[in-house]
Structure formats: structure tokens, C-alpha cells
Amino acid sequence: MDIKILGSGCRKCITLEGHARKGAADLGLAPSIETIHDPVAIAGYGVMRTPALVIDDRVVVAGRVPAAEEVRDLLRAAAAP
Amino acid sequence: MSTLSPVLQWLRTSRPGHGTLLAGLVAAWLVLYRINETLWEALLFGWLGLDPQQRLSETLRFFFYDTLKIALLLSGIIFVVTVLRSYLSVERTRALLAGRREGIGNVLAGLLGVITPFCSCSAVPAFIGFLAAGIPLGVTMSFLIASPMVNEVAIGLLFSLFGWQITLIYIGSGLVIAIGAGWVLGRLRLERWVESFVYDTRLHGQAVEPSPGLPFEQRLQMGAEEVASILQQIWPYLLIGIGVGALIHGWVPTDFFATYAGRSNPFGVLLAVGIGIPLYSNAAGVMPMVQALHEKGLPMGTVLAFMMSVVALSVPELILLRRVLKPPLLAAFFSVTGLGIVLIGYLFNALLV
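Chains as they are written, first to last, in the working numbering: chain A, 1471 to 1551; chain E, 970 to 1322.
A few of these clues could be false.
[Said to hold, decoys possible] Ranges between beta-carbon positions, derived for each pair:
1. GLY1488/A - LEU991/E: 22 to 32 Å
2. ALA1548/A - THR989/E: 32 to 42 Å
3. LEU1308/E - ALA1550/A: 52 to 62 Å
4. ALA1538/A - ARG1024/E: 46 to 56 Å
5. HIS1507/A - SER1304/E: 23 to 33 Å
6. HIS987/E - ASP1526/A: 51 to 61 Å
[Stated by the list, open to error] If you want the footprint, here are the derived chain A segments under chain E, 3+ residues with CB under 8 Å:
7. 1488–1500
8. 1504–1515
[Claimed, not checked] Cβ-to-Cβ under 8 Å is the rule here; a few derived chain E residues that face chain A:
9. VAL1059
10. SER1091
11. PRO1094
12. ALA1193
13. SER1198
14. ILE1199
15. GLU1264
16. LEU1290
17. ARG1292
Don't read these hints as lab results, they were simulated from the structure.
Source: prediction; values computed, not measured.
Note that the Cβ used here is the ideal one computed from N, Cα and C, for glycine as well.
From just these sequences and the hints, can you work out the full model?
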């Protein structure tokens, strides 16, 4: 699994990254987690408001920080075959 | 969209603890706001025994009073606006703007810029997203100018510090500048000065609406988180702004600005905008300064122009936008917007008493 956090490096993006790491650990997943700060690359994902969460190249949340449980559910859904 | 029905539904279904917590917070807010003035007078002049006639003690009183007042106002405004705005999104705004002609498009973009949830850190992704969706350059510019200039924090603070007339004037003139500057920039046909990759950007992936069908309780939580995150972000600016405001309040003689930078001084507005552009702050930080400047006789048009230039144009924004705009367009953007602000300043100095 490949997780990307899109954001300008603000507090919200750090919170989101924390949720993603914790969710992945809870589910026993070992994804690659990458943070993308470059606004041009962020625009390439069609995201216009950060932070955003990208799982396996699909934007699942943009423009808000989802709760830790929501991130875990999204990871679980993405990990299900 | 009815905002009341989710509130009622939430009150019916939420656990009792949450409703009580919210009611308690609202009550605490009201009490603090109410006793703010008496509190600091009692503490500083009564308990500490400072002399109210002394400049230093009056400066201190202004500082503490204004800090608490603005912190309260900001928390309240940001909370309410975030909850309301969670029903809107940049994505929806873009969909509304797509396919609009210039003119109507500029007007709509200005209006949407006021209400769309947006932070200047997302200016570049939004700029690319708008242009890639085929929205004209000038219309996009109207959005990018209106968004920081006429934001909810500025509106709320102006309203509580200066009253509704000044607030309406500020909103109206901010919109006129955003619409006008965007239209002019569009007419100038500056598309070739946009970095070429912008038009080549392929938007892979579907645009995601941030919060469709989110339960009301989560929207309230978003509001609370936004308050915390904005206050954490801006408190240094806020304290510096209030500090400078307090110094002006305590030490600058009454009518100082009326004498030296009053209406009769033709360079007043130009000077204010010239100082305002390199200054980087947001509406919250600049407001206490603006209030103190006006109190000491700086005319309202000059005050508004100063505030707009601080909030709408800044060096960090210049650096951010340089990623997507080539220098000639960047220069045009700054000078057209700056010129609009200067004109508005002179206009209101001539009109307002």
C-alpha cells in the first residue's frame, strides 16, 4: 500500500500523517508513507485545499482532517482485496 | 441549505454531555466578553494599584483588554464560520465558475471568494485547478484577490470594532477591487505569462468534496479544531499587532495622524499602502493596529487602504505565486490590485467624514 499526505507542511497535515501512521499500525499494515509539499504536485492530484490523503494514487479525503477512526476505516477499505 | 435542521437534529440525537459542553462554552464566552473591560480595570488599577492616568498603565490595560477581546471574537467567529462553511467547498465553487464568461464570471468569482473556505497556503493548487478546468485567468484572479481580502475574520472583527457601515464599505470596496482588478488582468491577455506547465497539468483523479454528508457533530468538531489551529498559527502576529496598537494608543498624541497624514496630505494613502504591502499579517493581527491608528485621527479611507494592502498583498504570497506566474504577470497582479486599493482609499477619504 502506498500512502501520500498532501499538504503545505502545516499542523493539520502533520496531524493527518499521524492518523495515517497510527491507523496503519493498528491494522498491521506496512505502507510506504510519503508527504508531498510541492503545491504543483498537489494540484496534479486535483486537490485544491489541503490537507489531503491519497491511498494508492486515489484521493480519498481532501480539505479537512478526518478523525483517526475514519482514516483507519479508509485504510481498511483500501487494504481489503 | 437549511442550517437549523441539522442543529435541531443534533440536539435531539447527541449524547447529553456534548450539548452541555457547548452550552457551557457559549455561556463562558458571553460572560468573559461582558466582564472583559471591568476585569482588567479592577486587576490593573484596583488590585495592582496602577495609576490610570499613567501612559504605561493605560497601554497595559489596552493590551490585555484587546488581547482577550480579539481572542474571544476570533474564536467565536472562526467557529461559527467554519461550521457554516463546511457545507461549501472550493470544488463546488470551481464547478459554479466553469464555463462562465468574463464579466459575470468576475463578479461571481469575487462573491464566491468571500464565502468559499480557503487558505492562502492553497493558492497555488487552487490556481492550477481553476485554470486547468478552463476558468479564464481574470476570473481566477478575481477569486484569488477576494478570498484573502474579504474574509470572515476581517468582516467579523470590523463589524465588532467599527460597526456595520464600515464593514459594508469594506466588503463592497474589497469586492469592487477583486472584480475590477480581475477583469482588467483578464483584458490585458496575459495568459502567456502563466508558467506553461499550468495549462499542461493533467488532473488525474477525481475531485473529492471535503465534507459531503458529514454528521453535524463532526462539523462542530471541525469548527473547534479550526479555532485551535488558527489561533496557534496567528498568535504571534496577533500579539505584535495588539502590542503596536497599544503603543499607538498610549503614546501617540491625539490627532497626530490627522495633523501629519490627514485628508489634506495627498500622499497619506500612497504611504499607507507602501508600508502595508511588505508588512505581512492577517486581518486579526492588523485590526488592533488599525483601530488605534483610526483613534488617533488617521482618516478612514487611509485606514481601509492600509488594512487591505496588508491582508491582500504580501511578500510570502508573491513568492508562492511566483511558482505559477512569470514576473510580468506577477507585477501586473500586484500593481493592478495595489492601484485599486489606493483609489478606494482616496475615494473614501473624500466621501467619509
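Checked hints:
no., hint, result
1, GLY1488/A - LEU991/E: 22 to 32 Å, "26 Å, holds"
2, ALA1548/A - THR989/E: 32 to 42 Å, "38 Å, holds"
3, LEU1308/E - ALA1550/A: 52 to 62 Å, "57 Å, holds"
4, ALA1538/A - ARG1024/E: 46 to 56 Å, "51 Å, holds"
5, HIS1507/A - SER1304/E: 23 to 33 Å, "30 Å, holds"
6, HIS987/E - ASP1526/A: 51 to 61 Å, "35 Å, violated"
7, 1488–1500, "violated (count 0)"
8, 1504–1515, "holds (count 6)"
9, VAL1059, "4 Å, holds"
10, SER1091, "5 Å, holds"
11, PRO1094, "4 Å, holds"
12, ALA1193, "12 Å, violated"
13, SER1198, "6 Å, holds"
14, ILE1199, "10 Å, violated"
15, GLU1264, "35 Å, violated"
16, LEU1290, "10 Å, violated"
17, ARG1292, "6 Å, holds"
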